[in-house]
Every structure is written in C-alpha cells, then in structure tokens.
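Here the protein sequences come in this chain order: A and B. Residues in the first sequence are numbered consecutively from 1, following this note's numbering. Residues in the second sequence are numbered consecutively from 1, following this note's numbering.
For the record, the hints were derived by calculation from the structure and aren't laboratory data. Just to be clear, a hint being listed does not mean it is correct.
What the hints assert, rightly or not - Under the rule of at most 30 Å between Cα atoms (straight-line distance), these lysine-lysine pairs were calculated in the DSBU-like manner:
| no. | chain 1 | residue 1 | chain 2 | residue 2 |
| --- | --- | --- | --- | --- |
| 1 | B | Lys182 | B | Lys290 |
| 2 | A | Lys290 | A | Lys182 |
| 3 | A | Lys182 | B | Lys290 |
| 4 | B | Lys182 | A | Lys182 |
| 5 | A | Lys290 | B | Lys182 |
For reference, the chains in residue letters:
Number of protein chains: 2
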Amino acid sequence: MLNAEELSTIETPAVVIDLEVVDANITRMQGAITSRGVNLRPHVKSHKSVDLARRQLEAGAVGITVSSVGEAEVFADAGVEDIFLAYTIWAGSARRAGRIMGLHQRVRSFSVGVDSTAGAQQLANATRGADRPLRVLVEIDSGAHRTGVRSEEAGDLAAECQQLGLDVVGIFTYAGHAGTSKDARFSGAADEVHAVEQAIASLSAQGIPVGIVSAGSTPTAVISAHAPITESRPGEYIFNDADNVRLGTCESLADVGLFVATTVVSTAVEGQVIIDAGTKALGREGNAEKGYGLVPSLPGSSLRLLNEHHGYLSIHEGVTRPSVGDVLIVVPNHACPVANLFGEYIVIDAGTVAGRWPVDARGHLS
Amino acid sequence: MLNAEELSTIETPAVVIDLEVVDANITRMQGAITSRGVNLRPHVKSHKSVDLARRQLEAGAVGITVSSVGEAEVFADAGVEDIFLAYTIWAGSARRAGRIMGLHQRVRSFSVGVDSTAGAQQLANATRGADRPLRVLVEIDSGAHRTGVRSEEAGDLAAECQQLGLDVVGIFTYAGHAGTSKDARFSGAADEVHAVEQAIASLSAQGIPVGIVSAGSTPTAVISAHAPITESRPGEYIFNDADNVRLGTCESLADVGLFVATTVVSTAVEGQVIIDAGTKALGREGNAEKGYGLVPSLPGSSLRLLNEHHGYLSIHEGVTRPSVGDVLIVVPNHACPVANLFGEYIVIDAGTVAGRWPVDARGHLS
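Start from the sequences and build out the full structure, keeping to the hints where you can.
Shown next, in the form of structure tokens:
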C-alpha cells in the first residue's frame with residue numbers, strides 16, 4: 001500500500017488501485033479458470049478501464065464481457081476484438097440499431113444476449129444486410145429470477161433465433177443469488193451447472209449444437225468452472241472488496257486492490273469523525289449495521305451513515321481518533337459502482353504513485 | 001411530459017428533465033424565499049449544470065452553493081461570481097491550497113465553511129499573500145451531528161479565524177435530520193433557527209458581528225426563511241423527487257422535473273419486468289419496502305431490487321404488464337445522486353426534446 005507521505009499528497013476523495021494486488025488477482029483467477037479447462041472472459045463493468053482490460057487479455061482472457069452498447073463501443077474503439085454484450089439489449093430505436101450494426105461490422109467477434117423473441121427480432125432487424133449473421137447467446141435463468149428463459153424453453157428460443165437469421169453460438173446464465181452468503185456461492189454454482197445442462201438438452205432436442213456455455217460470477221467462477229461450462233465471466237475479482245472477503249471469494253483484505261482515499265474534514269462531534277467520502281464516492285452499498293465500507297487502520301470503526309459528500313465514521317472506544325486533515329483508506333463493500341463514480345484511477349505500484357488511468361467507460365450506460 | 005412517440009426515440013437509461021417543471025420549481029422557491037425577506041443561494045450539487053445555475057441566478061438567486069473545490073472551479077470557469085463552498089474543506093496539500101487560492105483570487109466573492117481551528121489555519125495558509133482575506137462562515141451543528149461546532153463555541157472559533165487573518169462573514173448550518181419525516185421538517189427548521197440564534201449570541205459576546213446567517217435545505221427552506229436567517233441553500237427543489245413528495249416539500253408528482261427513462265429488457269419471469277435502470281442509473285436510494293423509485297404509469301408497481309444494470313419491477317396484479325422494448329419513466333427517490341451518474345441531461349420542453357445539456361460538474365468530487 002501507499003506510504004503515508006504519498007498518501008497525504010492525494011486530493012480526496014479519490015479512487016486508488018494497487019497494481020501489485022490487481023495483477024496478482026488477474027493472475028490468480030486466470031490460472032484457476034484455465035487450469036480447469038475453461039476460458040475466462042472477464043466482465044469489464046467492474047473497472048471500465050482499457051488499461052486494465054489489456055492486462056486481463058495479456059494474461060490469457062479470450063475476450064471481454066460488457067453490459068451496455070456504450071461500454072462495447074469504448075472497448076471496440078480501443079481495439080478489443082472479442083466482445084460479449086451479456087445483456088438482453090433492445091435494439092428498437094434507429095440510432096440504437098445503427099450502433100449495434102456498427103459493433104457487429106467492426107468487431108471480429110461481437111455477440112449479444114437474448115431472452116425473448118421480440119428482442120431477437122429487433123437484433124435481426126438491426127443487423128440485416130451484414131456480411132454475416134449476428135452472434136447471439138440465449139440467456140438461461142439459473143435461479144436469480146432476473147433475466148433469462150427457463151432451461152426447458154431455451155431450445156424453442158434458440159430455434160426462433162435461427163429462423164430470424166441469427167447465429168446461435170451458445171447459452172449463458174448469471175446466478176445473482178449466489179452472492180448472498182458463503183453457502184449460496186456453492187448452491188448457486190450448482191444451480192448454474194444444473195440450469196445449463198438442462199438448457200443444452202433443450203437445444204439438442206431441437207438439433208442445435210451448443211458451442212459456448214457461459215456462466216460464473218466472482219462468487220461462483222472457480223466453483224462452476226468445469227464441463228459443460230466452457231467460459232466464465234467474473235468481474236469483481238480484479239479488485240475484490242469487503243463483501244468478497246465476507247463471502248470468502250478472496251482470502252483477506254490483502255487481496256483487495258481498490259480503495260477510496262478520503263480526508264477527515266471534521267471532528268466536531270465526539271466519538272466520530274466526518275470524512276469526505278459519501279454516496280458520490282462510495283455509492284450506497286451496505287447498511288447501517290454492517291456499515292458502508294471498512295477503514296482497516298481504525299479497528300472497530302463503523303462507517304455507519306453516508307450523505308452525498310460526507311461519511312460518518314464512528315470511532316471505537318479506546319482507539320485514537322484521527323485528526324482533521326488525516327487521510328484514511330476506505331475499503332468499499334462493493335467495488336463495481338465506485339470506479340464508475342470517478343474519472344480516473346490513481347494507480348500505485350510498489351508503494352508509490354505510478355500514474356493516473358482514465359475510467360474510460362464511466363457512465364456509458366446506454 | 002414527453003409524448004410516447006418521442007419517448008421511444010430516447011436511448012436508455014437516460015436522465016430527462018422537464019424544463020417547464022424545472023422553471024416552475026425555480027420560480028416558486030425563489031418567490032417563497034424572497035417574499036420572506038431572505039436571499040436564495042441554491043445548492044448546485046443537485047444538478048451540477050451551468051445552464052441550470054444560470055436560470056437560478058436569472059430568477060434572482062444571490063449566488064450559488066457548492067460542495068467541493070472541483071465544483072467551485074466548474075462554476076467559476078462559467079463566470080459565476082458569488083460562490084459559497086459550504087464544506088469544511090481541508091487545504092493541506094500544496095495542490096489543494098493552490099486551487100483554493102486560485103478560486104479566492106478570481107471569484108468576486110468566494111467563501112468557505114470552517115468548523116475547526118486546524119481547518120481554518122490551513123485556509124489561512126493557503127490564501128496568505130492574497131490582496132484580501134478569505135471569506136469564511138463558521139459552521140454550526142443544529143442537530144444533524146455531522147459537521148459544525150456547538151452554537152456556544154461558535155464565537156471562540158470565529159475569534160480564532162479572525163486572529164488567523166480570515167474574514168468571518170457569517171455562520172451556516174445544515175439540519176440534515178429534518179429530511180426524515182414531515183414532522184421532522186418543522187422541528188428541524190426550528191432547530192436551525194434556535195442554533196443560529198445561540199451562535200449569533202456567541203459571536204456577539206466576542207464582539208464579532210454576523211453578516212450572513214445561512215440555513216435551509218429543501219425540506220426546511222421555506223419554514224426557516226425568516227430573521228435572523230438571511231440566506232437559504234436548498235438544492236433538490238429544482239427537480240424534486242419521490243422523497244420530496246412523501247415529505248410534503250412539493251405537492252405531487254406533477255412538481256417533479258427529473259426522471260430516468262428506461263426500457264423493459266426482459267419479461268422472462270412472471271409478475272415482473274426487468275428494466276435497464278439499476279444502481280448505475282438510480283443510485284441505491286431506497287429500500288426493498290418503499291422501492292428504489294416510482295413508475296407512475298404502472299399503479300401498484302414496485303421497483304423492489306436493483307443490480308448495477310438491472311431494475312426488478314414487480315407488476316401489480318390486474319395491471320397490464322409492459323412488453324419488452326417499452327420505455328418507462330422512473331421517478332427517483334432522491335434526485336441528487338442521479339444527475340451525477342450521467343454525462344448529459346435530455347431536456348424536454350413543451351412535450352418535445354429541446355436539447356441535451358452537459359452535467360458539467362459530474363464527478364468533480366475533490
């Protein structure tokens with residue numbers, strides 16, 4: 001981590017990444033997934049950074065996963081040639097259809113999620129006249145009950161996609177319910193495997209081969225990385241966060257590579273300090289009980305309340321209260337929304353500030 | 001509001017403002033505060049838009065309130081000449097000190113909040129050598145127990161500020177606890193008045209006259225707009241939101257001028273639809289019980305859960321479920337974090353898209 005002297009030179013609030021930890025996280029996940037015979041396709045929504053995506057690709061990722069057309073465009077502009085938009089994008093408006101056609105024509109392998117006939121129809125319309133059909137993956141609901149058809153309906157939707165002229169290259173699922181507890185990680189990973197096995201059977205019954213079987217988020221990636229799953233899409237693992245430590249998806253706070261640097265701006269009220277990191281720096285991820293982030297340098301402290309530009313940090317009895325002007329490090333509960341709130345990362349390497357990297361796809365929501 | 005045809009041309013998620021409602025909100029608050037003999041100094045953290053600040057100033061605002069050095073710089077660059085940084089900024093680093101000196105030298109009236117001797121010392125150091133002393137307002141805690149000294153200590157801090165060479169132009173307070181219920185609005189406003197009265201006495205005992213007495217947020221502004229308060233700093237009122245309707249700070253949803261336009265991207269799970277507005281479009285403002293925003297076109301619906309890029313909207317029995325591709329309007333619970341998540345506003349006027357305005361100070365947190 002950064003030495004105290006350099007820490008005090010950072011204007012706060014700021015998002016800081018520790019490149020040694022980030023690189024170790026990239027290497028560890030890549031090794032864990034590859035050694036199980038599965039491809040890694042990291043979700044870049046977690047970092048939105050071209051520099052970080054390049055490091056993941058250089059480490060062996062087969063491509064990237066994105067969550068919006070705008071994100072896909074940022075990484076396509078940067079030369080990424082294999083992009084899966086793991087989202088049931090609606091291509092209805094003329095402008096949106098044109099952007100999807102643009103990505104399809106200039107990215108070597110661009111694929112999109114579908115879970116409805118209507119959505120597939122719009123994607124087919126949007127890419128009509130291209131020199132090859134658009135690649136789609138049918139989304140399966142493995143228990144998150146968010147998006148995705150039931151496994152037994154996957155074959156019907158895949159057949160409809162083919163009739164519409166789309167290239168059905170596989171299936172994908174997201175077990176959002178696996179991120180709620182340590183036990184849920186294992187049951188959620190089992191749900192992923194069960195759901196895709198059923199879906200493969202459903203497509204096979206229609207005579208449709210399944211090339212890509214994509215699953216895996218940071219909580220489940222290593223657990224479900226085995227046949228029939230062929231690709232995994234974790235995102236958070238590049239940074240990790242306090243929730244990942246709680247879930248056991250990383251070993252300890254030493255595996256967390258993203259922080260918010262914040263300054264104590266008031267000590268006027270006894271028993272607490274006020275820091276300059278509020279919801280516009282940390283999001284509102286957490287609750288009053290577990291707090292909205294951890295401050296490891298202050299054992300027993302609780303970041304119990306956030307306003308937009310203020311965090312209320314209760315100081316444990318017997319712990320020396322920091323002074324106005326002290327810079328503290330907050331470990332977010334959830335890293336992904338944090339990067340999106342800042343324009344740039346402060347990148348530290350070997351304990352010193354090595355540069356500032358843009359959060360290239362910040363706010364590219366549509 | 002926008003007609004359905006134009007609505008369907010918006011790429012979503014997007015933040016949309018209705019200029020007729022916004023202008024009515026500006027006029028109403030300006031009239032309510034001015035008619036009570038109090039100056040209005042809107043907090044621009046709510047909108048972060050130079051265009052909108054200009055409308056507030058043209059309507060009669062005496063200046064603006066900001067929450068960070070970066071925000072102050074954006075509005076100073078746009079030519080705003082009266083800026084109150086209502087924040088206990090720490091000027092410790094050389095770079096930060098230089099930025100504060102820069103604002104002090106180029107803005108006709110630039111003032112800053114203080115609630116500690118150490119903070120005041122740094123501000124004095126930062127602006128040493130300027131052709132006039134930096135203007136500061138002493139912050140008073142009126143019950144939010146966030147920042148601000150106790151009223152009875154205000155005179156001591158004011159005297160220390162003067163000894164440090166700062167120009168003590170007044171006091172300010174923020175009754176954050178007033179935004180929790182309708183009753184709390186009234187008791188919070190009374191707390192503001194009581195706290196500043198005591199603080200004025202404390203400064204008077206030191207022989208320090210109090211020029212500016214600043215209080216008032218959207219929940220309290222109209223209630224506490226009377227002597228000895230001379231300035232009010234509401235922000236949200238320019239847009240209003242679902243929480244303001246609940247609190248009674250505006251009359252109905254017809255007074256809300258900011259929305260998130262979102263598209264239904266999945267209807268795969270019965271009883272709900274999935275929209276493309278998640279925490280990266282709405283923040284995580286709300287809870288499962290009250291929901292994370294309102295969808296007025298679907299009575300009884302509940303936006304019960306948000307992921308980063310997905311909202312789970314439960315549809316009330318008997319209400320026709322929207323289809324994939326339908327564009328819906330979400331009224332946020334809290335407007336302020338929403339604008340900060342987008343690069344631009346889609347501005348509608350008289351039911352048609354009138355332009356796109358940048359969210360100029362988005363993410364200028366430090």
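The hints, checked one at a time:
1. Under the criterion of a C-alpha separation no larger than 30 Å, the hint pairing Lys182/B with Lys290/B is consistent with the structure, at around 16 Å.
2. Proximity of Lys290/A to Lys182/A is assessed by CA-CA distance (about 16 Å); at most 30 Å being required, the pair is judged to hold.
3. Note on Lys182/A and Lys290/B: the hinted pairing holds, with a Cα-Cα distance of about 28 Å set against a maximum of 30 Å.
4. With a CA separation close to 41 Å, the supplied pair Lys182/B and Lys182/A exceeds the 30 Å bound.
5. Restraint check for Lys290/A and Lys182/B: satisfied, since their Cα atoms lie roughly 28 Å apart, inside the 30 Å limit.
Going through the hint list in order, the structure does not satisfy hint 4, though it satisfies all others.
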